[in-house]
Amino acid sequence: MNLQSELHKASLFQNLELLAGQVVEGFISGIHKSPFHGFSAEFAEHKIYNNGESTKHIDWKLFAKTDKLYTKRYEEETNLRCHMILDNSASMYYPEVGTLNLDNLNKIGFGVLAIASLMNILKRQRDAVGLSVYSDQYNFYSSEKSSERHHQMLLAKLSEISQETKPAKQTETYTYLHQIAEKIKRRSLIVLFTDMFQSSGDDGQLFDALRHLKYNKHEVILFHIMDKETEYSFDFENTPKRFLDVETGTHIDLYADSVKEAYEREVGSYFTELRLKCAQYKIKYVEVDVKDSFSLIMNTFMVERQKFM
Numbered sequence: 004m005n006l007q008s009e010l011h012k013a014s015l016f017q018n019l020e021l022l023a024g025q026v027v028e029g030f031i032s033g034i035h036k037s038p039f040h041g042f043s044a045e046f047a048e049h050k051i052y053n054n055g056e057s058t059k060h061i062d063w064k065l066f067a068k069t070d071k072l073y074t075k076r077y078e079e080e081t082n083l084r085c086h087m088i089l090d091n092s093a094s095m096y097y098p099e100v101g102t103l104n105l106d107n108l109n110k111i112g113f114g115v116l117a118i119a120s121l122m123n124i125l126k127r128q129r130d131a132v133g134l135s136v137y138s139d140q141y142n143f144y145s146s147e148k149s150s151e152r153h154h155q156m157l158l159a160k161l162s163e164i165s166q167e168t169k170p171a172k173q174t175e176t177y178t179y180l181h182q183i184a185e186k187i188k189r190r191s192l193i194v195l196f197t198d199m200f201q202s203s204g205d206d207g208q209l210f211d212a213l214r215h216l217k218y219n220k221h222e223v224i225l226f227h228i229m230d231k232e233t234e235y236s237f238d239f240e241n242t243p244k245r246f247l248d249v250e251t252g253t254h255i256d257l258y259a260d261s262v263k264e265a266y267e268r269e270v271g272s273y274f275t276e277l278r279l280k281c282a283q284y285k286i287k288y289v290e291v292d293v294k295d296s297f298s299l300i301m302n303t304f305m306v307e308r309q310k311f312m
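Positions in the sequence shown are counted from 1; adding 3 to them yields our numbering.
Since the hints were derived computationally from the structure, they do not count as laboratory data. Keep in mind that the hints are not guaranteed to be accurate.
In silico EDC-like pairs for lysine to aspartate or glutamate, Cα to Cα no more than 20 Å straight-line [unchecked claim]: (1) Lys285 / Glu307; (2) Lys186 / Asp205; (3) Lys244 / Glu99; (4) Lys263 / Glu240; (5) Lys169 / Asp139; (6) Lys263 / Asp248; (7) Lys217 / Glu175; (8) Lys280 / Glu290.
Bear in mind the structure is a predicted one, so any value in this text is a computation, not a measurement.
Given these sequences and hints, build the entire structure.
Here it is, written out as structure tokens:
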């Protein structure tokens, strides 16, 4: 899958400038200019000089014309640090697809494209981005940087992931989230893409790991990726089928309708608990369907980024 080609085909980019105009103060020089003001390169406006302030930025030409002291106010570019986390376990490769494209995505394909999209925004904003990838181990870590070389390296890693055909079978999400939390020392906006499935451990351990991500004043967005039609609604044709756990290898043969009601009840209960825990820990929780567009990802990120700053 050619990431750059797919990103440019994404319909959400047609609305990105409108979105940025609603949430932030501009688009040029990195989608927006910060609402925070300092003394950087681009002039914004004049303000009255107050006694005791530095005289460095007084506009003397304006003083000569008006006989009043004004200082130049400038726009300051923001310096957000954002760390992306991608679950690369076997369950993320559901559903099985032939060629990945925008109209035919599994969970890992959606996650890869979503992260690449956000990276493009961060690059335009000259913000620093880092990446962690885990499956049966903590596979990849790169700290937050804003250079072009770093950006290309992360894109290459994401492209590599999108082409994997034999993903790791098992994962302990809670273990690696703890490790990632320890790695991120400076306050950051953390964005997690996962289906919230793990092959061992109880829900309490997973929730504790999510809470750990909040330490050190980080802000966290959890994008819960799923194929809603089958994984949430269990919408399968009612014929004999074998359901295989891709992470443990166990299977069960049954008619979908025979367990549909119980399945929906258990899944709904788990999702409710997850939403409540995220609300308790002040984590932004967002359900994402792989059949949806990327607009929800983009909207959520831009709003949460503005709050973070």
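Evaluation of the provided hints:
1. Restraint check for Lys285 and Glu307: satisfied, since their Cα atoms lie roughly 12 Å apart, inside the 20 Å limit.
2. With a C-alpha separation of about 24 Å, the suggested pairing of Lys186 with Asp205 is violated against the 20 Å cut-off.
3. Annotation: proposed proximity of Lys244 to Glu99 holds, straight-line Cα distance about 16 Å (limit 20 Å).
4. Of the supplied pair hints, the one linking Lys263 and Glu240 holds, its CA atoms being roughly 11 Å apart against a limit of 20 Å.
5. Only pairs whose Cα atoms come within 20 Å are accepted, and Lys169 paired with Asp139 is accepted, the gap being roughly 12 Å.
6. Between Lys263 and Asp248 the alpha-carbon distance is near 17 Å, which keeps this suggested pair within the 20 Å criterion.
7. For the proposed pair Lys217 and Glu175, the alpha carbon gap of about 19 Å is at most 20 Å, so the pair holds.
8. Of the supplied pair hints, the one linking Lys280 and Glu290 holds, its CA atoms being roughly 14 Å apart against a limit of 20 Å.
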